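Starting from the known structure of chain A, fit chain B onto it as the hints suggest.
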Amino acid sequence: MIKLSELPNQQRGEETRIFLRRHWIELMAMFVYIIGFAVLPIIFYILLSVNGVDWKTSFWGPVGAIMTSIYLLFAVLILLTMFTDYYLDTWIVTTERIVNIEQKGLFSRVISTLHLNQVQDVTSETHGFLATILSYGDVHIQTAGTTERFLFKKIDNPDDVKFHIMRLVDDDKRRHGDASRIPGSF
Amino acid sequence: MTIPIWYLLIFYGLFLLIAGIFFLFNFFHIVKFGLNEIKTGLVLLMYAGSFTAVVIINIEIISQFDWTQTITIRELFTTIPGL
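Sequences listed follow chains A and B, in order. Each residue of the first sequence is one higher than the one before, counting from 1 in the UniProt record's numbering. Each residue of the second sequence is one higher than the one before, counting from 1 in the UniProt record's numbering.
So that you can see chain B by itself, here it is in the shape it has in the complex:
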């Protein structure tokens, strides 16, 4: 039985969605409850910047591989490191 490797991207997409929701919760909390000053604006920029930076790094890491490949169940177990 062969499994397309791009199935893993579905898992990643789900985690990215959850992470995006939690990022928005954090952002919302700062906007609603933060102090009305320049520092809060900088904090919001830092939030958006750091999350965006991590997503860009993720894209860079993921884009190095060919996701059109497939793998068989046998290959999956025979390529386990150390075996």
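Extracted from the complex, chain A is given alone in its bound form:
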């Protein structure tokens, strides 16, 4: 497991300041989809019962039971996989760098690190009615390195996160100098 106090390649004195996951609205959307899928067998059961299927004495009772069981198994698996993807997508901002951990499905994981003194610009965006009411959105981080932009997707309070990151970037550039003007430099 990852410990925020013991990140890989941690420098002396480096402390974690921000730890982010996507907004809880993403979880709500997942649950709504899965509940919708889970209700489908009940609808089929009612429709077929109305059309005269005798579940107890005919062959279709056991068939329906097996199909419903398999369907529910895969519905819960899809939910768990979607939750794993949500839970393991994280963004960590320390006093020295930004770590972007992106889980892509079950068997693909991308970890990117960016040193704060390479940050050129930080932009926050909030689009849509729900995003405005619930205060979630994206934060884009423009860098001087080979990865031009880091993207914090659908995070809580993107404006506050943006200002916090900019303060950390300024502090780091005062300590280590500004590497954001020369691409690829450290």
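If you're looking for bench data, these hints aren't it; they were derived computationally from the structure. Just so you know, these numbers come straight off a predicted model, no measurement behind them.
Calculated lysine-lysine pairs in the BS3-like style (CA-CA distance at most 25 Å, straight line): (1) A:Lys154 - B:Lys39; (2) B:Lys32 - A:Lys3; (3) A:Lys153 - B:Lys32; (4) A:Lys3 - B:Lys39; (5) A:Lys104 - B:Lys39.
Below, a sample of chain B positions facing chain A; criterion: calculated Cβ distance under 7 Å: (6) Ile5; (7) Phe15; (8) Phe33; (9) Asn36; (10) Phe65; (11) Ile71.
Positions of the beta carbon are idealized from the N, C-alpha and C atoms, including for glycine.
The following block gives chain B in isolation, referenced to the frame of chain A:
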């Protein structure tokens, strides 16, 4: 030709095995890559609990039927709903 209905349980067993493997993959990912905090422990409990709950529901649904029955090919087609 008669077919024992319990043959369907073999299909179910295969799907249950596949589902169990994918559940373990998910569980492993959270254990290996999750953050070391109480929330992760709760997430793992939720994973195990929800998968176990679905398997228990499946057992409840399946146990309502008599799997020792057999069916003939003719009965299979004549009992199709709507026909």
